[in-house]
Amino acid sequence: MAKIRKKPQFVAAASVNNAQGRWSSRASAALAGATVANDPQSVALVATSTVTGELGESVARLFPFATFNAMQSQCLEAWYGDGSMVVSAPTGSGKTAVFDLAVLRVVVGWRSGSGCGGPPPVAVYVAPTKALVRERVRAWRAGLAGLATVVEVSSDGGGAGGGSFHSMLDRGVRSSERAIVVVATPEKWEMYTRKRSATVCRLEERLVLAMLDEVHMVGDSGRGAVLEVVVSRFKMCGGACGRGVRFVAASATIPNVGEVGAWLGVSSSGVLAFPASYRPVPLELVVLGTRVGNRSGFMFERSLNYRVFEVLMAHGQRRRVSAGGGMLPTLIFCSSRSGAAATAKHLVTHDLGSGGVLAGGARGAAQRAALDAAAERVGSAALGAVLPLGVGFHNAGLSASDRATVEALFLSSELPILCSTTTLALGVNLPAATVVIKSTQRYVGGAYAEYSAMEMLQMVGRAGRPGFAVQGESATAVVLTANENVGRYRRLETGHMALVSQLEARLPEVINTEIVLGRIRDEASGEAWLQSTFFHVSQLASGASAGYDSVVAPCVAELAKAGLVRVCGDGRVEACPGGRFMSAFGMRFATMVQFDGLGGESGMEEVLAALSQARELEEVLLRRNEKRVLAKLNLARASSGDELPHPLVTRKRGQSGGRGRRERTIRSEADKVNVLWQAALSGVKIEAPGLAQEAHRLVQIGARLSRALVQVLVLKLGRGGGRAVLVAKSFKAGLWHSSGLGARQLDGVGIQLARKLREAGLGGVAEVAAAVPGRLESVCTRRAPFGAKLRSQAAALVEGHRVRVQARVSALRSGTGLAGWAIELVAEWPGWAVGSDAKATLLAGIVETNDVVVLEAVQGNERVVSVTYSVDEAAAAGAGSGSKMTMAVSFISHEVVGVDADIRVPLGVMPGARSESAGGSMGRELHVQRRRKRVTAEVGEGSRASKRVKSGGKGDAGSSEGRHSFRHSFQVPAMPRGLREMVRAPPPTRAHPAAMRSVPR
1 MAKIRKKPQF VAAASVNNAQ GRWSSRASAA LAGATVANDP QSVALVATST
51 VTGELGESVA RLFPFATFNA MQSQCLEAWY GDGSMVVSAP TGSGKTAVFD
101 LAVLRVVVGW RSGSGCGGPP PVAVYVAPTK ALVRERVRAW RAGLAGLATV
151 VEVSSDGGGA GGGSFHSMLD RGVRSSERAI VVVATPEKWE MYTRKRSATV
201 CRLEERLVLA MLDEVHMVGD SGRGAVLEVV VSRFKMCGGA CGRGVRFVAA
251 SATIPNVGEV GAWLGVSSSG VLAFPASYRP VPLELVVLGT RVGNRSGFMF
301 ERSLNYRVFE VLMAHGQRRR VSAGGGMLPT LIFCSSRSGA AATAKHLVTH
351 DLGSGGVLAG GARGAAQRAA LDAAAERVGS AALGAVLPLG VGFHNAGLSA
401 SDRATVEALF LSSELPILCS TTTLALGVNL PAATVVIKST QRYVGGAYAE
451 YSAMEMLQMV GRAGRPGFAV QGESATAVVL TANENVGRYR RLETGHMALV
501 SQLEARLPEV INTEIVLGRI RDEASGEAWL QSTFFHVSQL ASGASAGYDS
551 VVAPCVAELA KAGLVRVCGD GRVEACPGGR FMSAFGMRFA TMVQFDGLGG
601 ESGMEEVLAA LSQARELEEV LLRRNEKRVL AKLNLARASS GDELPHPLVT
651 RKRGQSGGRG RRERTIRSEA DKVNVLWQAA LSGVKIEAPG LAQEAHRLVQ
701 IGARLSRALV QVLVLKLGRG GGRAVLVAKS FKAGLWHSSG LGARQLDGVG
751 IQLARKLREA GLGGVAEVAA AVPGRLESVC TRRAPFGAKL RSQAAALVEG
801 HRVRVQARVS ALRSGTGLAG WAIELVAEWP GWAVGSDAKA TLLAGIVETN
851 DVVVLEAVQG NERVVSVTYS VDEAAAAGAG SGSKMTMAVS FISHEVVGVD
901 ADIRVPLGVM PGARSESAGG SMGRELHVQR RRKRVTAEVG EGSRASKRVK
951 SGGKGDAGSS EGRHSFRHSF QVPAMPRGLR EMVRAPPPTR AHPAAMRSVP
1001 R
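Heads up, the sequence shown is in full-length UniProt numbering, so the first residue is 1 and it goes up one at a time.
Bear in mind the hints are in silico, worked out from the structure with no lab data behind them. A few of these clues could be false.
In silico lysine-lysine, DSS-like type, Cα no more than 27 Å apart, as pairs [as the list claims (entries may be wrong)]:
#1 Lys195 with Lys732
#2 Lys685 with Lys627
#3 Lys732 with Lys685
Ranges of calculated distance between the beta carbons of each label pair, as one might list FRET restraints [unchecked claim]:
#4 Arg615 with Lys685: 26 to 36 Å
#5 Arg196 with Ala145: 41 to 51 Å
#6 Gly265 with Ala145: 24 to 34 Å
#7 Ser412 with Ala553: 52 to 62 Å
#8 Cys568 with Leu635: 52 to 62 Å
#9 Asn69 with Ala370: 30 to 40 Å
#10 Arg697 with Ala544: 32 to 42 Å
#11 Asp82 with Gly547: 30 to 40 Å
#12 Gly518 with Asp170: 14 to 24 Å
#13 Asn69 with Val486: 28 to 38 Å
#14 Val864 with Ala145: 49 to 59 Å
Please read all numbers here as calculations on a predicted model, not as lab measurements. A virtual CB, placed ideally from N, CA and C, is assigned to each residue, including glycine.
Start from the sequences and build out the full structure, keeping to the hints where you can.
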């Protein structure tokens, strides 16, 4: 086992210089006290920094090289010391090795007994992209095998056969054998730690090392706030042995790295800034300006197609002739999917073959063979047309297999030129010898806007990674922009773009979550939290106010006004139920306010519209070429018989002032989301691959938003939750509740078979469970035993959701008048198995008033709910005297469509107006009146509505077991719009009127 030895001394032959003297005045001020590393051309390192010499043979396997480079040799404090450090260095300089050194110190130090003892320590690595996360997971699982447990926090499990990351972390904190290394993106770690489980608490107690890769992303307008929240939580962890948490952060070259160091509590000697000369492959930044004139952003970007070819010929990196020649891997970043494809096509029209794009000789022949084979293999005709000439494009509109093919060709250097959308700079690790940024603007929110500094750094940083440029020569990044922006982007080369906190725009959500977690309890704890943020450091650096009264208190007041938190008389701040589920669902504050404004009488169209306008979907873009495709989805009934359940409609008035014809139109990003949701859940085929993939992602977001909406409606309004429950169920099941395609949930049944079964009257799982196997095989044109297996699947699904619901209702008297009803619901779920994840909602509502009186989640064998519903509530909801009152009770599965059950229980007739002399509005004594009704299926004891209720009488009750053979039970009379979709009416029958029935959802 390697032991941590004394740090060697490096003797510099020249004094520390200021990064070639190119720092701005603000950078110099920010770096006051920080160490700016020596230029390697003028520094002689006396000690030899070999990996085995510093670390020993046993752990050297983690490093794919034998000798540390100049930058890494000056960062060996990560291995020899315990102090926090920030390394600001150019892309490609080898910053990853610093994290390897730091995590080795934790793991080896604990195993060798050089630490403080106690349980195994925890180290957390946070990186902005899944590509970086997966890269560290692979490297550390191989290099730390037998030394540490490496766990990736992700939505698709922990990997390596270890089950989900939850179970791996649970086992890890209970074990005393190995240190734990957790790897995650900021978003995944933030969502995981906001649920204060016992495992999270133990991890935070043992946390000794927090590694922050690409920490400059804290300045990103989209994701910076989340990273800042994660770091603030790290800072508030105690750390093992009371030492606090050690931070090791790596950043691109930025001028205010000193501010980042101050935020992380790093001493001046621990802030290391390396100039651009430390790049193993020097980067040449070329910024070319173009006159915009009166052209729109779209036309300006399109005009740049004519400059790309000449840029490649003038600045593109090439192989030596002795190596076959041809262009080295070149990335061209475009602002849109269509722009990437159009640029590739435009390049092909210029005879690229004569430009020497492909290599010559044997290498060129192999290159052409690989490209020709790929062109035959890909599904996109446009991609197949350009690949043989050495050009490709990559965007979300391609299928996953086509994207994988393009990535593999580019990484192997078979594909010289790749045109891509900007998302590739963050999502996939594809370095290149040459990078061209075609226009510095993109279309966002209906207008063109400049890329953020962080986005530009990510794209430029793809150029010049080791192994992708000619040894001894520089890589090239070319920026094509408007003339007036040339100076701005030339400053990228010297790292003059300072980081600015992005937390301010997300303060309400962040403060609410910290209140829920108990980290902000009063003014003192609020001030301590604020001081843990980069926002606080940035505000102080700019001279702005950054105290509790100016930052935290106004947000707390807004949250309290919205009913999400409560400010007590002694100054304490407490979370309310609304704030708790806002935090649990990760909701934006603006979305909560928007949901709160949704009326209780809203129909399904209004619910979908409210969800599609949520702030969580603000990143969705409506592209020009998508409008026609979306309009077709929204307008036409497909030949298969599928259509959107609630198409978008614009009603125009005719010339006479009356209602004119109905026109369907797509005008906004919210319209796009709405149409894609309905198409994906209703089985309507989305022809465009890019839209189909986007729809899949949007459905996942919709599932979270719809569950939150259910809670908002019931908590704020006490009504209107029925439609939201059904929408949430549809998202969870991935199938619209009334689509009639329930058989699609069965294994082996795709959309085409589901349509055939629906046409044959076998669209739901209950119908399949009751069908003859031979008929199923005939309808699906399959051979035996397909029908028997399908019916067995459906029967198991139906049996697993068999329920029995009892509704006991007792009339409550006040003097001589009716005061209301005492309601007891008993839901038995015999099909629920212990340990099952299956969940359902027990929903009871008054049909005539649309009031929700019960909305309870059910997960278990039995749930009993007792409530009262008063005459005053009914009158307030609009029920007049003489109105018949009816309660609809639904048992709604969360995951499965077609197994829900409903009963209806008549309550009675609303009495006429009562005078105050009949008992007054306060302190009236309530009596249970003994009554019987014609539709009573079962008579039971009346439940006590309150302590003052006399329990001697009996009331009405409805009860029936939800067996799916009772598909047709009774005719449901007309309902108001609010509950019309909660209960679907089957054909009339002589079955008992209170019998449970199952309906397709």
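Structure-based check of each hint:
With a CA separation close to 21 Å, the supplied pair Lys195 and Lys732 stays within the 27 Å bound. Under the criterion of a C-alpha separation no larger than 27 Å, the hint pairing Lys685 with Lys627 is consistent with the structure, at around 16 Å. The straight-line distance between the Cα atoms of Lys732 and Lys685 is roughly 19 Å, inside the 27 Å bound, and the hint therefore holds. Distance hint check for Arg615 and Lys685: the Cβ-Cβ separation is about 30 Å, which falls inside the suggested range of 26 to 36 Å.
The hinted window of 41 to 51 Å between Arg196 and Ala145 is violated, with their beta carbons roughly 32 Å apart. Taking the beta carbon of each, Gly265 and Ala145 are about 33 Å apart, inside 24 to 34 Å as hinted. Taken as a hint, the range 52 to 62 Å holds for the pair Ser412 and Ala553, whose Cβ atoms sit roughly 57 Å apart. Remark: the range hint 52 to 62 Å for Cys568 to Leu635 is upheld by a beta-carbon distance near 55 Å.
Checked against the given bound of 30 to 40 Å, the beta carbons of Asn69 and Ala370, roughly 33 Å apart, stay inside it. Checked against the hint of 32 to 42 Å, the C-beta distance between Arg697 and Ala544 comes to roughly 37 Å, which is consistent with it. Between Asp82 and Gly547 the C-beta distance comes to about 32 Å, which sits within the given range of 30 to 40 Å. Separation of Gly518 from Asp170 is about 22 Å and conforms to the stated range, judged on CB atoms against 14 to 24 Å.
For the hinted restraint 28 to 38 Å between Asn69 and Val486, the CB-CB distance of approximately 33 Å keeps it satisfied. The hinted range of 49 to 59 Å is satisfied by Val864 and Ala145, whose Cβ atoms lie roughly 52 Å apart.
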